[in-house]
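Next come the chains, spelled out residue by residue.
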Amino acid sequence: MSLLEYLGGAERIKKYEVYTEPELEFVAKFLNTYRSTYVIVLFLACEVNYEGRARASLSYGDRLLITKPDGTLLIHENRKREPTIWNPPGSTLYATVDNNILVIKSIRRNPPETVVVESPCVYLLLGARCVAGEFKLWGSEKDMVEYVFRNPSLIEEGFRPLHRELKTLVGEIDLVGVDARGNLVVLEFKRSTAGPEAAHQLQRYVEYIKHERGVENVRGILVAPSITPSAYRLLTKYGLEYRKLEPPRH
Amino acid sequence: MSFRFVFSDAREWRYIIESIAALIEEATFVVTPEGVKLRALDPSRVAMVDLELPSTAFEEYSCEAETRVGVNFDDMKKILKRCKKDDKVEYEVAGGKLKIKIIGKATRSFVLPLIDIGAETLPTPRVAFTARVKLLSDAVEEAIRDAEVIADTVKLEASEEMFAIKAMSDKGDLEVQFGRESGSLIEYEVTEPAVASYSLEYMGDIVKKSAKIADLVTIEFATNKPVALTFEIPLGGRLVYYLAPRME
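Chains as they are written, first to last, in our numbering: chain A, 1 to 250; chain B, 1 to 248.
Treat the hints as calculated values from the structure; they're not laboratory data.
Don't take each hint at face value.
Said to hold, decoys possible - From chain B, some residues computed to sit far from chain A (all C-beta separations above 12 Å): (1) Ser2; (2) Pro54; (3) Asn72; (4) Arg132; (5) Leu136; (6) Ala139; (7) Asp152; (8) Ser159; (9) Arg180; (10) Ile186; (11) Ser197; (12) Glu201; (13) Asp215; (14) Glu232.
Said to hold, decoys possible - If the Cβ cut is set under 10 Å, some of the chain B residues that face chain A in the computed set are: (15) Ser44; (16) Val46; (17) Ala47; (18) Ile100; (19) Ile103; (20) Lys105; (21) Ala106; (22) Arg145; (23) Val149; (24) Lys171; (25) Ser199; (26) Leu200; (27) Asn224; (28) Pro226; (29) Leu243.
Unchecked claim - Ranges of calculated distance between the beta carbons of each label pair, as one might list FRET restraints: (30) A:Glu25 - B:Pro33: 29 to 35 Å; (31) A:Glu5 - B:Asp215: 45 to 51 Å; (32) B:Leu122 - A:Glu77: 46 to 52 Å; (33) A:Gly61 - B:Lys85: 54 to 60 Å; (34) A:Thr20 - B:Ser182: 56 to 62 Å; (35) B:Ile186 - A:Pro152: 41 to 47 Å; (36) A:Gly239 - B:Asp138: 54 to 60 Å.
Here a beta-carbon is modelled for each residue, glycine too, at the ideal position from N, C-alpha and C.
With the sequences and hints as input, model every part of the structure.
Encoded structure:
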């Protein structure tokens with residue numbers, strides 16, 4: 001988000017700007033000036049390095065670099081859905097030219113993560129004024145959690161939901177609550193038939209909460225429209241429970 | 001001679017320049033018989049600086065006609081680092097050059113080349129603020145420093161009763177509340193509750209440097225709109241920063 005929107009006619013932002021084979025200095029200046037205004041897409045030859053919680057590198061090649069006003073950085077290659085290397089919203093982008101190489105750095109401070117892209121050649125530069133529309137999603141796990149939060153008796157009488165999307169070292173727990181007797185309850189939601197991995201996941205969360213809170217009586221409930229026989233066997237083996245729930249329809 | 005002015009507190013002047021230099025590399029001072037103005041956007045267009053110093057804010061002031069002085073703030077900052085407590089600073093433009101004199105026990109003169117930065121007249125950002133809070137700038141600085149430990153983004157929230165500065169991440173949550181009874185809240189006016197988030201990198205740069213200039217800061221914002229942080233400079237001057245919001 002930049003201030004340009006609030007300055008009226010002072011600097012009119014175009015819907016898009018496209019440059020083919022732009023000079024590296026121009027690209028650097030464009031990135032530094034419009035990084036908070038446009039979604040910028042570069043098709044360029046580059047080498048990419050990431051350092052943070054882990055390390056990664058991409059060998060020299062032609063790929064897409066996308067940066068968004070909120071700081072998101074995505075490096076896309078010619079396969080798969082997910083970006084090969086990326087930095088989340090909140091990161092800051094800096095571009096410079098050093099010895100005829102365009103150096104683009106995306107820096108995240110908390111936790112410290114840096115992506116460095118080095119490129120001798122940019123084929124295409126696009127600055128696009130994208131919007132953020134209203135997004136509606138039906139039938140997701142989040143919908144199910146929300147549904148239970150508002151109607152806790154769907155789980156059982158006396159259930160009190162406490163914490164949604166609880167971030168832990170072993171993952172994000174969908175919902176943690178307390179039952180009528182005061183026992184902690186961990187819930188894992190699946191929007192379609194749950195298999196053995198879901199049972200394992202629930203077991204991991206239950207063990208984690210037991211250990212973290214120092215209590216033995218922690219219940220685990222898998223909430224899904226249906227479960228596979230092997231999931232059922234695992235739930236029984238681990239002393240976990242199952243509650244049938246369909247994702248709510250709008 | 002196009003203009004000449006003397007600012008009696010060189011250290012205060014240095015803090016003002018350092019504050020602007022944290023965001024801006026180059027900008028143009030517009031010096032008129034009425035006073036000095038400077039308005040500039042940072043390179044990424046996320047923040048804007050607006051400095052206004054009337055002629056009364058200076059110990060000595062003379063200006064014949066409107067003069068535009070483009071300067072590099074990094075260079076100016078380095079020169080002003082030489083200021084000591086009790087020094088005065090004098091600016092004079094004559095013969096196409098800017099002469100800066102630091103006047104103390106000894107007098108040191110520096111000359112800066114003038115830069116021609118395109119004539120960009122920036123308007124005041126058009127925002128209808130619904131919350132206006134005046135606080136001790138130290139208290140705000142402390143809250144921002146605390147937030148920097150946790151996250152990259154800071155949330156400002158103003159309700160009928162209270163103003164809060166919040167931050168959250170995997171590391172934890174921070175909430176600093178300023179209620180009407182708290183000693184750091186000087187003025188409070190909320191016509192409509194407001195919530196907005198801003199980059200801590202920019203907020204930190206702005207607040208940490210500017211808290212040295214003024215004891216009080218006025219924060220104005222509205223939901224998902226830019227924030228205006230106004231620092232008052234003694235004898236009628238003001239330094240205002242506008243910062244674009246971060247959409248969640």
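Against the structure, the hints:
Once the 12 Å rule is applied to beta carbons, Ser2 of chain B is consistent with being away from chain A; the minimum gap is 27 Å. With 12 Å as the threshold on Cβ separation, the claim that Pro54 of chain B sits away from chain A holds: the shortest Cβ distance comes to roughly 24 Å. The Cβ of Asn72 of chain B sits about 17 Å from the closest Cβ of chain A, beyond the 12 Å cut-off, so the non-interface label holds. The non-interface label for Arg132 of chain B is consistent with chain A: the shortest C-beta to C-beta separation is roughly 17 Å, beyond 12 Å.
The beta carbon of Leu136 of chain B sits about 26 Å from the closest Cβ of chain A, which is more than 12 Å, so the claim that it is off the interface holds. Taking the minimum C-beta to C-beta distance to chain A, about 23 Å, the non-interface status of Ala139 of chain B holds against the 12 Å cut. With a cut of 12 Å on Cβ distances, Asp152 of chain B falls inside the contact zone with chain A, its closest approach being about 4 Å. Separation of Ser159 of chain B from chain A is adequate, the least Cβ-Cβ distance of about 23 Å exceeding the 12 Å criterion.
Consistency note on Arg180 of chain B: stated as away from chain A, and its beta-carbon is indeed over 12 Å from all of that chain's, at 30 Å minimum. Non-interface status of Ile186 of chain B relative to chain A is upheld: no Cβ of that chain comes within 12 Å, the nearest being about 27 Å off. For Ser197 of chain B, the requirement that its beta carbon stay farther than 12 Å from each beta carbon of chain A is not met, with the minimum near 10 Å. Look at Glu201 of chain B: its CB is around 6 Å from the nearest CB on chain A, not clear of 12 Å, so calling it non-interface is violated.
In this structure Asp215 of chain B is separated from chain A by more than 12 Å, as the shortest Cβ-Cβ distance comes to about 27 Å. Chain A leaves Glu232 of chain B outside its interface by the beta-carbon criterion, the shortest separation being 22 Å against a cut-off of 12 Å. The interface hint given for Ser44 of chain B is met, as the beta carbon of that residue sits about 5 Å from the closest beta carbon of chain A, less than 10 Å. For the restraint placing Val46 of chain B at the interface with chain A, the shortest Cβ-Cβ distance is roughly 5 Å, inside the 10 Å limit, so the hint holds.
The closest approach between the C-beta of Ala47 of chain B and any C-beta of chain A is roughly 7 Å, which is under the 10 Å cut-off, so the hint is satisfied. Checking Ile100 of chain B against chain A by beta carbon gives a least distance of about 29 Å; that is not within 10 Å, so the hint is violated. With 10 Å as the threshold, the beta carbon of Ile103 of chain B stays out of range of chain A, its nearest partner Cβ sitting at about 37 Å, so the hint is violated. About 42 Å separates the beta-carbon of Lys105 of chain B from the nearest beta-carbon of chain A, more than 10 Å, and the hint is not met.
Nearest Cβ of chain A to the Cβ of Ala106 of chain B: about 39 Å, over the 10 Å cut. The hint is violated. For Arg145 of chain B, the interface hint is violated, since its Cβ never comes within 10 Å of a Cβ in chain A; the closest pair sits about 13 Å apart. Interface restraint check: Val149 of chain B against chain A, minimum CB-CB distance 8 Å, threshold 10 Å, status holds. Here the hint on Lys171 of chain B is kept, as its CB sits about 7 Å from the closest CB of chain A, short of 10 Å.
A hinted interface residue such as Ser199 of chain B counts as satisfied when its beta carbon comes closer than 10 Å to some beta carbon of chain A; here the least separation is about 8 Å, so the hint holds. Taking 10 Å as the C-beta cut-off, the interface hint given for Leu200 of chain B holds, the closest approach to chain A being about 8 Å. Because the beta carbon of Asn224 of chain B sits about 9 Å from the nearest beta carbon in chain A, less than 10 Å, this interface hint is met. Annotation: Pro226 of chain B was flagged as interfacial toward chain A, and the flag holds, the nearest CB pair being 6 Å apart, inside 10 Å.
Given hint, Leu243 of chain B at the interface with chain A, holds; its Cβ is 8 Å from that chain's nearest Cβ, closer than 10 Å. Glu25 of chain A and Pro33 of chain B have their C-beta atoms about 40 Å apart, which leaves the hinted 29 to 35 Å range violated. For the pair Glu5 of chain A and Asp215 of chain B, the supplied restraint of 45 to 51 Å is violated, since their beta-carbon distance comes to about 33 Å. Taking the beta carbon of each, Leu122 of chain B and Glu77 of chain A are about 41 Å apart, not inside 46 to 52 Å as hinted.
As the Cβ distance of Gly61 of chain A to Lys85 of chain B is approximately 58 Å, the hint placing it in 54 to 60 Å holds. Take Thr20 of chain A and Ser182 of chain B: their Cβ atoms lie about 58 Å apart, and the range 56 to 62 Å holds. The supplied range of 41 to 47 Å is met by Ile186 of chain B and Pro152 of chain A, whose beta-carbon atoms lie about 45 Å from each other. The hinted window of 54 to 60 Å between Gly239 of chain A and Asp138 of chain B holds, with their beta carbons roughly 55 Å apart.
In this structure, the hints that do not hold are numbers 7, 11, 12, 18, 19, 20, 21, 22, 30, 31 and 32, in rising order.
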